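Work the whole structure out from these sequences, hints included.
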Amino acid sequence: MHSFVESWVREATAHFGETVSAASPNAESVLASPIDVEQVSKILAFANDRRLSVVPVGGGTKQQWGRGAAPHIYLSLARLDRVIEHPWQDLTCTVQAGCAWSKLQQALAMHGQFVGLDPLFPERATVGGIIASNDSGALRLRYGGLRDLVIGMTLVLADGTIARTGGKVVKNVAGYDLAKLLTGSLGTLAVITEINFRLHSLPHHLRRFSVSAPQASRFSSLLASIRASHLLAQTLQITCKPEISRMSIVLDAHAAAHQEELLSRMVADEGLSLEEMPASSDMERDALFQADATVLKIATMPAQVCETAGLLQKVSPALEVESVSQAHGLHTVAMRGPSASVIEAIHRIRSGMLHPESTVSVLQMAPGVDVKALEIPAPALNVMQAIKQQFDPENILGPGKFF
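Residue numbers (the numbering used here): 1 to 403.
It is worth saying that the hints were derived from the structure and are not from the lab.
Computed from a prediction, not measured in an experiment: that's the story for all the values here.
Even for Gly, the Cβ is constructed at its ideal location relative to N, Cα and C.
Take these hints with a grain of salt, some might be off.
Cut-off 30 Å, straight-line C-alpha distance, at most; resulting in silico cross-link-like pairs (BS3-like, lysine-lysine) [stated by the list, open to error]: (1) Lys-168 with Lys-241; (2) Lys-103 with Lys-42; (3) Lys-168 with Lys-42; (4) Lys-297 with Lys-314; (5) Lys-42 with Lys-401; (6) Lys-42 with Lys-180; (7) Lys-314 with Lys-168; (8) Lys-297 with Lys-103; (9) Lys-168 with Lys-180; (10) Lys-103 with Lys-401; (11) Lys-314 with Lys-180; (12) Lys-180 with Lys-241; (13) Lys-103 with Lys-168; (14) Lys-241 with Lys-297; (15) Lys-180 with Lys-401.
Listed next, with one range per pair, are the computed distances between beta-carbon atoms [unchecked claim]: (16) Lys-314 with Ser-210: 14 to 24 Å; (17) Asp-286 with Gly-144: 52 to 62 Å; (18) Tyr-176 with Arg-10: 37 to 47 Å; (19) Glu-357 with Asp-269: 24 to 34 Å.
Encoded structure:
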């Protein structure tokens with residue numbers, strides 16, 4: 001263990017007991033594992049006073065998102081893993097940030113309820129990490145995104161101040177909603193410790209269908225017809241691989257026979273065929289995050305989904321490109337190939353290949369891809385830096401994640 005890490009451990013252990021240890025035998029970081037929000041507050045105040053950098057950690061499934069070097073302190077929320085309350089009559093719940101997503105959903109399912117989100121890696125991802133990375137998933141089409149479903153939050157600022165925003169009821173209006181700002185901030189503004197969600201009733205039965213075509217553009221008319229119909233689509237997304245494109249539709253089978261008949265007719269009108277899919281196909285977005293892939297998140301207008309998916313298929317002949325495009329306008333894109341070709345493709349996407357209102361974020365970079373070539377555009381960066389200065393003037397939380 002490095003001598004300065006030993007000194008951090010000794011000093012921190014004197015303050016917090018067994019909640020601090022070396023991250024690994026040869027690590028240059030320490031691991032802090034608080035048991036409650038008060039300990040989170042004390043650890044952050046300790047770090048802020050000594051100008052020690054801190055990175056909050058949940059399940060570690062998205063730790064590679066953004067950038068940044070190893071911090072002085074990894075702040076693990078693994079011991080804050082309880083479902084605090086579930087007043088099921090009110091369709092709300094309060095949960096600690098370190099709770100695994102699958103554990104939360106299992107607890108809510110006992111009363112026939114769930115949070116209408118399907119994030120990546122649900123068995124390992126934690127509630128706080130999902131919010132910090134703004135990972136809503138395909139269910140956003142039916143239930144809205146994280147900013148719609150989070151109704152309250154407890155958070156700890158960089159100096160150790162404990163703050164609360166929102167409330168525990170769905171109709172809650174009390175000034176600026178900090179929860180919306182922290183969603184997607186990758187732990188750079190504050191540490192989320194508790195979350196209040198609005199809930200929905202679990203659908204009784206779901207049916208999964210798929211339609212295949214050589215190119216994503218083939219689905220434009222079909223997607224427009226589905227949007228204009230009375231189909232109760234839970235999710236609607238287009239998966240593109242080099243050899244084929246596939247649209248998948250998950251229906252709430254409340255009126256199964258009528259819905260399947262209507263969908264079959266619309267598909268046939270486009271000269272395509274409908275097939276039923278296994279539930280395992282729900283994990284296609286997870287499969288994009290391979291170690292050798294650079295992964296982007298692209299946001300477009302819903303009307304541009306098929307066009308964007310088609311353009312991404314042609315972004316570079318030197319790359320293997322796979323994507324999952326959701327009907328509400330979010331695209332997850334994995335690119336494999338020479339680093340120079342990856343960087344060139346990202347510049348093409350950012351510099352006008354898509355519509356002007358589109359946004360592009362780099363979630364994961366393959367080994368060898370030049371970080372400096374993927375800088376955040378200046379206008380967005382200036383706003384982000386101004387917000388960061390207000391919340392964390394000493395820049396201890398996730399330094400280097402964005403800037």
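Pair hint outcome, Lys-103 versus Lys-42 [Cα-Cα no greater than 30 Å] = 28 Å, holds
Is the hinted pair Lys-103 and Lys-401 satisfied, with a Cα-Cα distance of at most 30 Å?
-> With a Cα-Cα distance of about 28 Å, the restraint between Lys-103 and Lys-401 holds, given a limit of 30 Å.
Is the Cα-Cα distance between Lys-241 and Lys-297 30 Å or less?
-> It holds: about 17 Å lies between the C-alpha atoms, which stays within 30 Å.
When you check the alpha-carbon spacing of Lys-180 and Lys-401, does it fall within 30 Å?
-> 19 Å, holds
Is the distance from the Cβ of Tyr-176 to the Cβ of Arg-10 consistent with 37 to 47 Å?
-> Holds, at about 41 Å.
Are the Cα positions of Lys-103 and Lys-168 separated by 30 Å at most?
-> 20 Å, holds
Within 14 to 24 Å or not, the Cβ separation of Lys-314 and Ser-210?
-> Holds, since Lys-314 and Ser-210 (Cβ atoms, about 23 Å apart) stay within the stated range.
Take a quick look at whether Lys-297 and Lys-103 sit within 30 Å of each other, Cα to Cα.
-> 27 Å, holds
Are the Cα positions of Lys-314 and Lys-180 separated by 30 Å at most?
-> 35 Å, violated
Is Lys-42 within 30 Å of Lys-180, Cα to Cα?
-> 25 Å, holds
Can the restraint linking Lys-180 and Lys-241 be considered satisfied, given a maximum Cα separation of 30 Å?
-> 34 Å, violated
Lys-168 paired with Lys-180 [C-alpha distance capped at 30 Å] = With a Cα-Cα distance of about 15 Å, the restraint between Lys-168 and Lys-180 holds, given a limit of 30 Å.
Violated hints, in rising order: 1, 7, 11, 12 and 17; the structure is consistent with all others.
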